[in-house]
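> Chain by chain, the residues run as shown.
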Amino acid sequence: MATQADLVSFTTRVSCPDEFDSFWDNVLAELATIPLDARIGHDPFRSTDSAKVYQATYRSLDELEIFAWYSVPAVGDGPFPAVLILPGYKSEPALRRDWAAKGVASLAVAVRGKLPSSSTFNPGYPGLLTHGVEDRDTYGYKGVISDCVRGVDFLLSRPEIDPARIYCCGSSQGGGLTLITSALRPEIKAGVSGYPFLCCFPESMRMLRSYPYDELSCYARAYPDRAEQMLETLRYFDAVNFAPRIKCPMVVGIAMEDEVCPPETSYAAYRLLGGQRELWLFPNSGHGNAHEYPAREASWLQQRIGATPA
Amino acid sequence: MTSTPSSPAAFWEQTEAQLAETDPNIALEHDAFYSQPEWDVYRMRYDTTDGHRLFAWFSVPKSGGPFPALVRIPDYASVHDIIYTPLRHRAVVMNATHRGQRNSDALMQATYPGLLTEGIDHPHTYALLGAYADALRALDALATQNLAQISTVALTGAGLGAALALAAAARRPNVAAVAADTPMALGHPAALQPGLGYPLGELGDYLRAYPERREAVTETLSPLNPLRTAPSVSAPVLMSAGRFDRSLCPLPFAEELAVALPNCDFRVYDGAAEGGGHEHAVVRGAWLTEKLDLNA
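Keeping their order, the protein sequence lines are chains A and B.
Mapping of the first sequence onto the numbering used here: residues 402 to 711, in sequence order.
Mapping of the second sequence onto the numbering used here: residues -4 to 291, in sequence order.
To be clear, the hints were calculated from the coordinates, so they are not data collected in a lab.
Among these hints, one or two may not hold up.
[Said to hold, decoys possible] Between beta-carbon pairs, the in silico distance windows are:
#1 Gly479(A) to Ala15(B): 55 to 61 Å
#2 Ser423(A) to Leu142(B): 47 to 53 Å
#3 Glu420(A) to Asn20(B): 49 to 55 Å
[Claimed, not checked] Now the stretches of chain A that chain B is said to cover, found in silico as 3 or more residues with beta-carbon under 8 Å:
#4 488 to 498
#5 520 to 527
#6 603 to 612
#7 674 to 687
#8 691 to 700
Just so it is clear, CB atoms sit at the ideal spot from N, CA and C, and this is done for glycine as well.
Sequences and hints are given; from them, build the entire structure.
The structure is reproduced here in structure tokens:
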């Protein structure tokens, strides 16, 4: 079990590359040239009295079509606040009708590689974490992060969404992507990052022997001559390098018994946050399973949003 | 497509007969990339009913043997990955898939949500029934592979995986232990109550859309009710549930199931669908270590 002293004393070797900002500016500029082509199809089967559910698609980097569950309050005309929900590494995007019942729209994104956004990019699980890691421009997460960024564009494109009230959350990989997306998109007003993955890659891959980080260890063992280049690429995708660029309020939730994302590495991202920050520590919890986390996440976001309790 | 009778006994007899007619045709391919200094990882493939070919991650400790085996039966999700366990140092670990999951999806790509209700209005068309055959086939494949000599077999699973593990243990008496976390109530009336969250909530959506099909749905799911097969599980079971679970394993169902299992160590935690979380993971690890005789 990690202690609070462990969190505070931990240091990472990760530093920010000189070209970090220009790299991501170029990615955003490239995305801006791609037509969003946002579409929604009503899903009456999954809709309820309080939630209109849609199957949404939009275009992202490499013009890939990305799928998402889009849930809108069935009552009222809007504009509604919205929560962008980002997915874990191997889990399915969640269908969150509970937000609609509170008067909040939600978009749960299936980033590339996940069903049903996997028709042309499908490195698998395991696989995604090392896919194209030889170069920052070929790394799979360049596209994954772009898909999250474009989720914000999707919400901004919708007339029923209040562009001034867009929020973000996710756990594990979704927690890491919440940090990264919030840094890249100032339209996000606040976020909750649970058990964040994608933090301090060099240390995380050595501190635990569990997947997904162990994929990096496997890569380094299989290709020792490429290990340093892998770590160089990962500097561009490490959430600790995005954290200072986040200006909105952000919560980081850490399970002290986390066996997948080392607590120390999540804390390293937390203490670098550039805006108002809040830390939740869960002493007797493992990865993704703190009993009180889901309700606390919903409550915190609801307070920020000013949504009506269900 | 499997032709499926709706009585539990007939369902299992037919499933067993179809499996008996299907050669597992096992193939094992060493995966140097994911192998570790202490164990080798293999990509395992084998045949099941209805022409499906299934995938499993299969790991074997580098030295010693015969080994106990831990079979992780897949949950309701598209991905079933390698998953690390400290037991991998000393036990064969098999992470099996069911038809429609990644790497087992040549004939059918399952959707999540979606699979739980696909073809549910008739026992002959319900896609998820095949997952029960696939759980049994995983144990057949483990028993007939010749890469590692197996001593004891334990099963683990969560959600659907736990329900499948219990069903498989009821049919395969060589299973020595089952660690079943928050078993999905599929087949039990509790799964059809309104207001549940996903995944079981998908059944409620279906009945809301097609209320006239309730009887047909009930008949299709009837053979899968874990309470029906529970008395046949001779192996000791460690079962966990979350007191506030309203989406997977509602507590009244879990309590009923625990009573129906002949030898069940039932643990209830103050959680929801995550069951006991870290606290139970510690309990489960120690329990499996003991059942697989890995203390030495």
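> Hint by hint, note whether the structure agrees.
Now for the hints, and whether the structure bears them out:
1. Gly479(A) to Ala15(B): 55 to 61 Å: holds (59 Å)
2. Ser423(A) to Leu142(B): 47 to 53 Å: Roughly 51 Å apart at Cβ, these two residues keep to the hinted range, so it holds.
3. Glu420(A) to Asn20(B): 49 to 55 Å: At 52 Å between Cβs, range holds.
4. 488 to 498: holds (count 5)
5. 520 to 527: Holds: 3 residues of the segment 520 to 527 of chain A have a Cβ under 8 Å from chain B.
6. 603 to 612: holds (count 3)
7. 674 to 687: holds (count 3)
8. 691 to 700: holds (count 3)
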